[in-house]
Structures are given as structure tokens and as C-alpha cells.
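Let the hints inform the model, and build the full structure from the sequences given.
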Amino acid sequence: MCASHNPFKQLAAIDVSPYVEKKGPFTYLSWPYAVAQLRLADPEARWEVRRFDGLPYLVTEVGYFVEVAVTVQGLTLSQIHPVLDGRNQPITQPTVFDINTSIQRALVKAIALHGLGLNVYAGEDLPTHTGYGGEVLTKPTEPAVHDSSPVTAIAGQITEKQLSYIQHLIRVTDSDTESLLAYFGFESLESIPRNDASRVISALETKKRAA
236 MCASHNPFKQ LAAIDVSPYV EKKGPFTYLS WPYAVAQLRL ADPEARWEVR RFDGLPYLVT
296 EVGYFVEVAV TVQGLTLSQI HPVLDGRNQP ITQPTVFDIN TSIQRALVKA IALHGLGLNV
356 YAGEDLPTHT GYGGEVLTKP TEPAVHDSSP VTAIAGQITE KQLSYIQHLI RVTDSDTESL
416 LAYFGFESLE SIPRNDASRV ISALETKKRA A
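Position one of the sequence shown corresponds to residue 236 (the working numbering), numbered consecutively onward.
It is possible that some hints are incorrect.
[Claimed, not checked] Okay, derived cross-link-like pairs now, BS3-like style, lysine-lysine, Cα gap no bigger than 30 Å in a straight line:
no., residue 1, residue 2
1, LYS442, LYS258
2, LYS443, LYS396
3, LYS396, LYS244
4, LYS442, LYS396
These aren't lab readings, by the way, just hints derived from the structure by calculation.
Written as C-alpha cells, this is what we have:
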């Protein structure tokens with residue numbers, strides 16, 4: 236991966252559609268393909284399965300979780316993923332196969348945070364699957380905003396709260412703002428799209444935890 240190019244844009248530009256798999260209503264990106272494309276783009280990219288008291292999973296009152304961290308061009312982003320079944324429901328007593336499958340899914344999503352196949356997971360958190368009684372649940376329609384209504388941010392633009400938090404994280408992690416903007420491909424903090432602010436925050440929070 237050429238240092239003069241934006242790593243996120245380079246990975247996001249790769250067409251992953253031929254390698255997308257469908258299982259029921261859910262869409263996945265093949266993990267061998269994701270790893271191969273990542274290594275082709277950045278031979279020095281690396282990943283790590285996080286350990287919890289020596290185990291590759293975390294047991295909580297609400298279920299089992301795994302975490303995978305992926306480093307591209309020196310930036311580490313991690314993805315915490317619950318151990319789920321084929322219907323995306325928590326598994327209360329997972330097998331080693333279930334845990335391994337969740338680790339692979341977490342790996343692909345951690346890679347996606349760097350750009351590769353990120354669009355595959357757009358809207359994944361929305362309840363678009365069939366609910367009780369066969370009713371199809373869809374994203375609720377947002378109410379129309381009238382011109383006379385006061386607004387605090389332009390549609391799609393980073394919110395003041397997001398901007399303030401990013402500035403705070405930059406200070407506490409002693410990060411270089413220009414380097415951060417160059418990595419994600421933005422001209423200024425104020426120009427970060429609202430939907431992309433979470434990626435920037437995730438990167439800075441990961442750096443803060445590692446400090």
C-alpha cells in the first residue's frame with residue numbers, strides 16, 4: 236500500500252461483491268477473501284485475537300463476546316463481536332466452532348473498519364428481518380423537517396457533540412490531527428461526515444485504551 240495514497244479510500248474502492256455470501260436474510264463477506272485483499276494492499280497488515288484472562292472470548296451476564304484488532308499502516312481498529320447463531324441470536328452455550336466462527340466474523344468486520352467491504356454491513360443494525368407473527372420490520376420513516384425548524388447541524392455533517400469528543404480524544408491521546416485527517420481522507424475535522432465520525436472515534440478510543 237503506497238503511503239502517498241489514503242489507505243481507507245484504497246481499501247474501500249475494492250469491489251467485494253463477487254465474494255459476498257448470503258445466509259438467510261444476512262450478508263457476509265468471505266473472510267479468506269478479506270484477509271487476502273488486505274495483505275495484497277498492505278503486506279505488513281496484522282491482526283490479533285484479543286485475550287481475556289488467557290481465553291479468546293469474554294463471558295458476561297448477557298452472553299459471550301470475542302474481539303479482533305486489525306492494524307493497517309500503523310492504525311489499529313478493533314471489533315467486538317457477540318457469539319451468535321445463524322439467525323444472529325446470542326448462543327448461551329457456544330461450542331469451539333461457534334467461537335471460531337465469531338472470531339472470523341469479527342476479523343472481517345475489523346478489516347471493514349479500514350474500508351474493505353464496509354458497505355456490506357451498512358444498515359446491519361437495523362431490524363429489517365421478519366419479526367413476530369411474520370411482520371416484516373423495517374427502518375421507521377423519519378419525520379419531515381420543516382424549513383422553519385431550528386437545526387444544529389447540516390444533514391450528513393458531523394455533529395457538535397461528535398466534533399467535541401473527537402477533539403477531546405485527540406488531546407488525551409496526543410494524536411496528530413493532520414496525520415489523522417490524512418489517513419481517513421478528510422480536509423478538516425469539521426468536514427467529517429456524520430456517518431464516518433464513528434470510525435474516527437473508534438480509532439482514537441482504541442489508541443486511548445492501548446496507551
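To see whether the hints hold, each was checked on the structure:
no., hint, verdict
1, LYS442 to LYS258, "violated, 34 Å"
2, LYS443 to LYS396, "holds, 19 Å"
3, LYS396 to LYS244, "holds, 25 Å"
4, LYS442 to LYS396, "holds, 20 Å"
Hint 1 alone, counting from the list given before, is not met by this structure.
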